[in-house]
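So the protein lines, in turn, are chains A and B.
As numbered in our numbering, residues 11 to 240 make up the first sequence, in order.
As numbered in our numbering, residues 22 to 225 make up the second sequence, in order.
Quick caveat, the hints were computed from the structure, so don't treat them as lab data.
Note that beta-carbon positions come from the ideal geometry of N, C-alpha and C, so glycine has one too.
Zero decoy hints are in this set.
Pairs of lysine-lysine residues, derived as BS3-like cross-links and limited to a Cα-Cα distance of at most 30 Å, are as follows: (1) K33/A x K146/B; (2) K97/A x K195/B; (3) K151/B x K92/A; (4) K103/A x K52/B; (5) K103/A x K198/B; (6) K160/B x K97/A; (7) K172/A x K160/B; (8) K146/B x K97/A; (9) K151/B x K33/A; (10) K92/A x K160/B; (11) K176/A x K151/B; (12) K201/B x K103/A; (13) K103/A x K89/B; (14) K97/A x K211/B; (15) K190/B x K103/A; (16) K151/B x K172/A; (17) K97/A x K151/B; (18) K103/A x K81/B; (19) K103/A x K146/B; (20) K97/A x K190/B; (21) K172/A x K81/B; (22) K25/B x K103/A; (23) K103/A x K151/B; (24) K97/A x K42/B.
DEER-style ranges, computed between Cβ atoms: (25) P39/B x D240/A: 17 to 23 Å; (26) I220/B x G19/A: 40 to 46 Å; (27) S157/B x F54/A: 42 to 48 Å.
Covered stretches of chain B (in silico footprint by chain A; criterion: 3 or more residues with CB under 8 Å from a CB of chain A, positions within the stretch not fixed): (28) 64-75; (29) 88-100; (30) 104-110; (31) 124-130.
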Amino acid sequence: MTTEIKSSGSVNKSFAVFLKDLKSELRTRYAINAILMFALVTVFAVSWAVGGIGLDQILQASLLWIVIYFSSLSGLSQSFVKEEESKTVAALKLYCPSFAVLGGKMIFNLILLFALNLLTIPLFGIFIGLDVYNIPLFIIIVILGSLGIVATTTLVAAIISKASVKGALFAVLSFPLVLPLMMMAISGTKKALTPETLISAARMEIQVLVSYVVVMAVLGFILFDSVWND
Amino acid sequence: MKTKLILDGLAKSYPGRPVFKDINAHIESGKALVVAGPNGSGKSTLLRIICAFIRPTRGKATLMNNDKELPGLEIRRYIGLVSPDLVLYDELTALENLSFFSRVAGIRFTINEFEDRLEQVGLMKRGNDKVGSYSSGMKQRLKYCLALLRNPELLLLDEPTSNLDDSGKLLVDKIIKSYKGILVVATNEKSELDYGDQIIRLGE
Chain A
11 MTTEIKSSGS VNKSFAVFLK DLKSELRTRY AINAILMFAL VTVFAVSWAV GGIGLDQILQ
71 ASLLWIVIYF SSLSGLSQSF VKEEESKTVA ALKLYCPSFA VLGGKMIFNL ILLFALNLLT
131 IPLFGIFIGL DVYNIPLFII IVILGSLGIV ATTTLVAAII SKASVKGALF AVLSFPLVLP
191 LMMMAISGTK KALTPETLIS AARMEIQVLV SYVVVMAVLG FILFDSVWND
Chain B
22 MKTKLILDGL AKSYPGRPVF KDINAHIESG KALVVAGPNG SGKSTLLRII CAFIRPTRGK
82 ATLMNNDKEL PGLEIRRYIG LVSPDLVLYD ELTALENLSF FSRVAGIRFT INEFEDRLEQ
142 VGLMKRGNDK VGSYSSGMKQ RLKYCLALLR NPELLLLDEP TSNLDDSGKL LVDKIIKSYK
202 GILVVATNEK SELDYGDQII RLGE
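With the hints as constraints, model all of the structure from the sequences given.
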């Protein structure tokens with residue numbers, strides 16, 4: 011008896027998990043609906059609370075990241091929670107290497123968060139006001155901040171998926187981990203909203219954000235095997 | 022390939038509730054182990070331990086490959102599982118499920134080959150239907166199709182004929198009798214005890 015196992019590569023397997031999740035999501039709208047609703051409600055609630063008052067750069071940056079982070083919380087945990095609730099975990103564990111599971115889920119969450127940003131940021135600009143003076147710096151900060159949120163919350167989602175009070179635990183565990191990232195993202199965004207600021211002025215924020223993303227991603231891949239299999 | 026499954030002093034207990042203790046067995050390729058016992062006696066738990074989904078309280082389950090012990094979770098690459106614990110994606114079609122699992126397992130099949138496999142388990146022309154629209158018997162047939170996809174060295178069947186009609190039961194009988202690897206069947210059906218070269222009775 012022969013077991014035909016060919017190595018099709020880690021990236022290929024991660025991509026297969028991502029495509030499966032994307033296909034499932036487009037058919038069930040499990041996470042998209044939650045994220046969209048939360049993003050819209052938060053933007054409109056903040057807009058109503060601000061009431062047309064002009065905000066300074068630090069308030070704009072803080073509110074923007076609060077909206078992005080809390081909207082993402084409602085959807086990013088779903089990729090693992092759904093596997094647990096629909097009891098497909100056993101099949102996934104049996105056939106799919108753990109690194110491919112985490113890789114695929116991270117890619118999926120990243121695409122979901124980028125899509126959320128594409129919706130949230132223009133809405134935020136229209137209803138609350140967002141005066142971006144350094145667009146390349148703003149894009150760099152948003153991309154790095156999103157990468158950091160995904161690297162952290164995907165691992166936390168795997169941890170909380172087996173718990174009974176998933177939503178609350180996800181927020182409680184994620185927030186302290188994401189706090190340093192949020193502080194740097196807010197600071198970097200503030201600089202992008204300040205007139206006549208060069209990218210080099212936000213060098214420290216970019217360095218910290220890049221380090222954060224690398225550390226959390228590497229930690230994720232190191233710890234995930236234990237989280238997934240124990 | 023010469024393979025052997027060794028269950029060495031396996032015991033499992035949850036706080037305040039022992040499930041089973043001191044389970045020992047050696048099963049070689051071409052042989053079958055039947056695990057029998059009433060509901061709650063630990064049959065499914067034993068299969069979960071073999072799959073490395075849970076840890077035993079004592080002892081260990083080992084798959085020997087050419088007299089070498091497979092390390093860690095490597096055993097999972099050699100397992101085909103049909104069990105109520107194993108659920109496929111309802112929102113995907115049968116072909117999409119097979120394609121996804123074969124791709125992440127590193128096996129290459131063409132659509133025609135998948136369709137042939139589906140035909141073998143009586144799911145001809147239903148490959149493009151979502152699994153969520155399948156009856157419980159059809160889902161069970163699809164699990165057999167997936168379990169046999171990578172020609173596993175170790176086939177684990179938990180309640181092998183549950184939800185199946187008479188033709189489905191005949192199909193399972195055919196699969197079991199033609200299977201050449203190590204077979205472990207967990208059942209409480211008396212008629213299925215005959216499959217076993219060895220029988221472990223739990224809950225007695």
